[in-house]
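**Q** Each chain, letter by letter, is given below.
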Amino acid sequence: MGEDTPAASVRLAGATVEVPLDDSPGRDRTRTILGPVDLSLDQRRISVIGANGSGKSTLLRLLNGLVAPTSGTVTVDGLDTVRQGARVRRRVAFAFTDPLSQLVMPTGREDVELSLRRRHRSRGERRRAAQEVLERFGVDHLADQSVYDLSGGERQLMALAVVLATDPALLVLDEPTTLLDRRNTRLLRELLHSLPQSVVVATHDLDLALTAERTLVVDAGRVVFDGAPVEAVACYTALVDES
Amino acid sequence: MTAHGLFTAHVPGTSLLHRMALWAKLAGVLLVGATPWLARSVWPLAFVSVGLAALVALARLPVRLLARSLRGLLPLLLVLLAFQWWSTGLAYAVRVVLGIANAFVAAGILTATTPVTDLLDGAARAARPLRRLVDPEVVALTLGVVVRSVPWVAGSFSDVRESARARGLDRNPRAVVVPTVVHVVAFARSTGEALAARGLVDPGDEGGGATDADR
Ligand SMILES: Nc1ncnc2c1ncn2[C@@H]1O[C@H](COP(=O)(O)OP(=O)(O)OP(=O)(O)O)[C@@H](O)[C@H]1O
Ligand SMILES: [Mg+2]
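The listed protein sequences correspond, in order, to chains A and B. Quick note: the first sequence uses the numbering used here, first residue 809, plus one each step. Quick note: the second sequence uses the numbering used here, first residue 88, plus one each step.
Pulled out of the complex, with its shape left as it was, chain A reads as follows:
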């Protein structure tokens, strides 16, 4: 890896997500929760803001195939998130709000090793690679503690080390600072800033949103603003005041 890693390139073409309305037995009625969205994302730092339930998480889940578009397509570096889902997920890492649901092994070290299983079959190599990752993110001193015993901030750092262990090209984060205090929020922001990867982050933390190069505002399933962070925040604030 290195600073010269090219930015990941994401394309959404008419991407729409519909969910069945469950109060209509027999009939195939659906509700559109996102889209259609047409976007080309090539910047290294992109933030997504919008009210609760506006569709931010849905938009993010499209980027690594966790949600498939009902119509339209989503590609990452030319790979289709549905037909080439496994390869997309190798390029796109996803971090959730709650690191405890992300960390599936008893300790961070074991979780990093789990990430590396597909890449390193030999146990010795895997161990060495895991140690290297843990040191790179400055969490090697926490690596052998039970994930239950880590603080919220430590857990979030560990979860990031775990998903970044495989050197993805793009990191997608869904509200990574919601459970963090001010200090850990700052640490996380600094870590995100230093990453060579492309980053797409959905957040209610407008200070974090402002650190991006480009900001999307989502409202009622549509991208209603796409541009400079300062203007995006103004647009979002106006939206909130309107309602």
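Derived by calculation from the structure, the hints in this document are not laboratory data. Keep in mind that the hints are not guaranteed to be accurate.
[Stated by the list, open to error] A few chain B positions that, by computed beta-carbon distances, are all more than 12 Å from chain A:
| hint | residue |
| --- | --- |
| 1 | Trp-172 |
| 2 | Leu-228 |
| 3 | Arg-252 |
[Said to hold, decoys possible] FRET-style restraints, in silico, Cβ to Cβ:
| hint | chain 1 | residue 1 | chain 2 | residue 2 | range |
| --- | --- | --- | --- | --- | --- |
| 4 | A | Gly-946 | B | Val-221 | 17 to 27 Å |
| 5 | B | Gly-100 | A | Arg-991 | 51 to 61 Å |
| 6 | B | Arg-276 | A | Glu-943 | 32 to 42 Å |
| 7 | A | Asp-1049 | B | Arg-276 | 30 to 40 Å |
| 8 | A | Asp-957 | B | Ala-154 | 15 to 25 Å |
| 9 | A | Ser-1002 | B | Arg-261 | 43 to 53 Å |
| 10 | B | Leu-165 | A | Gly-886 | 36 to 46 Å |
| 11 | B | Gly-279 | A | Ala-1046 | 54 to 64 Å |
| 12 | B | Asp-246 | A | Glu-943 | 26 to 36 Å |
| 13 | A | Thr-881 | B | Thr-175 | 51 to 61 Å |
| 14 | B | Gly-255 | A | His-1001 | 21 to 31 Å |
Using N, Cα and C, we set each Cβ at its ideal position, and we do this for glycine too.
For this one, chain A is given, so just place chain B with the ligands on it according to the hints.
**A** Below, chain B with the ligands without anything else, positioned relative to chain A:
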């Protein structure tokens, strides 16, 4: 979360149990798990309990943690005991409950004396002959997640009980069981989603195809 300092976490050591081959330990756990079906009375199960206690001492595992973990399991065992007593009879109820406690301790001994990574490697190797049917890595992963979830479920159970107690409802089994199940299902969903997001349930060497795990 109240699931601190768990019995199921790995305790490094050099005892006979720590050095024993993984397959032998797994076979032992399976055997302990099977005793309630093999036993005709309570005595063989009680004998197994004593044996397990001896193994805990032999491996120098923290008895305090074991006691605490069992105490966490106790309410669940009591509910089960009452139910089986009512539906089948006391002797049978004791056998079921003792069987579960034994299996819990045996699994705890296994995970306390074996690093999870070894467990995963062992499971993946054991599942290799079945690789036409299932991905060995997925088998290993499932096992790892189960091991990791036991303390979580226990912790969730006692959290829920505490909040039920705060509302004066802790004598009402539904006020405890229903929220626990809801927690566990939500946990399973988010864990499943996190695993899918990490590509860990994708087929090994692929040409394409999203996983059915989506949604
Ligand atoms: N699987 C689903 N089935 C039905 N409705 C869904 C599903 N997933 C999301 N929704 C709905 O779609 C809308 C958008 O949800 P989404 O989670 O994307 O919003 P969000 O912007 O991330 O909100 P928040 O800020 O609260 O996280 C919501 O109204 C939600 O209830
Ligand atoms: Mg969301």
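**Q** Evaluate each hint against the coordinates.
**A** A quick look at each hint next to the structure:
1. Trp-172: holds, 34 Å
2. Leu-228: violated, 7 Å
3. Arg-252: At roughly 22 Å from the nearest Cβ of chain A, Arg-252 of chain B sits farther out than 12 Å, so the non-interface label holds.
4. A:Gly-946 x B:Val-221: 17 to 27 Å: Check failed, 38 Å falls outside 17 to 27 Å.
5. B:Gly-100 x A:Arg-991: 51 to 61 Å: violated, 37 Å
6. B:Arg-276 x A:Glu-943: 32 to 42 Å: Given a distance of about 33 Å, which is inside 32 to 42 Å, the answer is holds.
7. A:Asp-1049 x B:Arg-276: 30 to 40 Å: holds, 35 Å
8. A:Asp-957 x B:Ala-154: 15 to 25 Å: holds, 19 Å
9. A:Ser-1002 x B:Arg-261: 43 to 53 Å: holds, 50 Å
10. B:Leu-165 x A:Gly-886: 36 to 46 Å: violated, 59 Å
11. B:Gly-279 x A:Ala-1046: 54 to 64 Å: 39 Å Cβ-Cβ, so the 54 to 64 Å window is violated.
12. B:Asp-246 x A:Glu-943: 26 to 36 Å: holds, 34 Å
13. A:Thr-881 x B:Thr-175: 51 to 61 Å: Since the Cβ atoms of Thr-881 of chain A and Thr-175 of chain B sit about 58 Å apart, the hinted range of 51 to 61 Å holds.
14. B:Gly-255 x A:His-1001: 21 to 31 Å: violated, 49 Å
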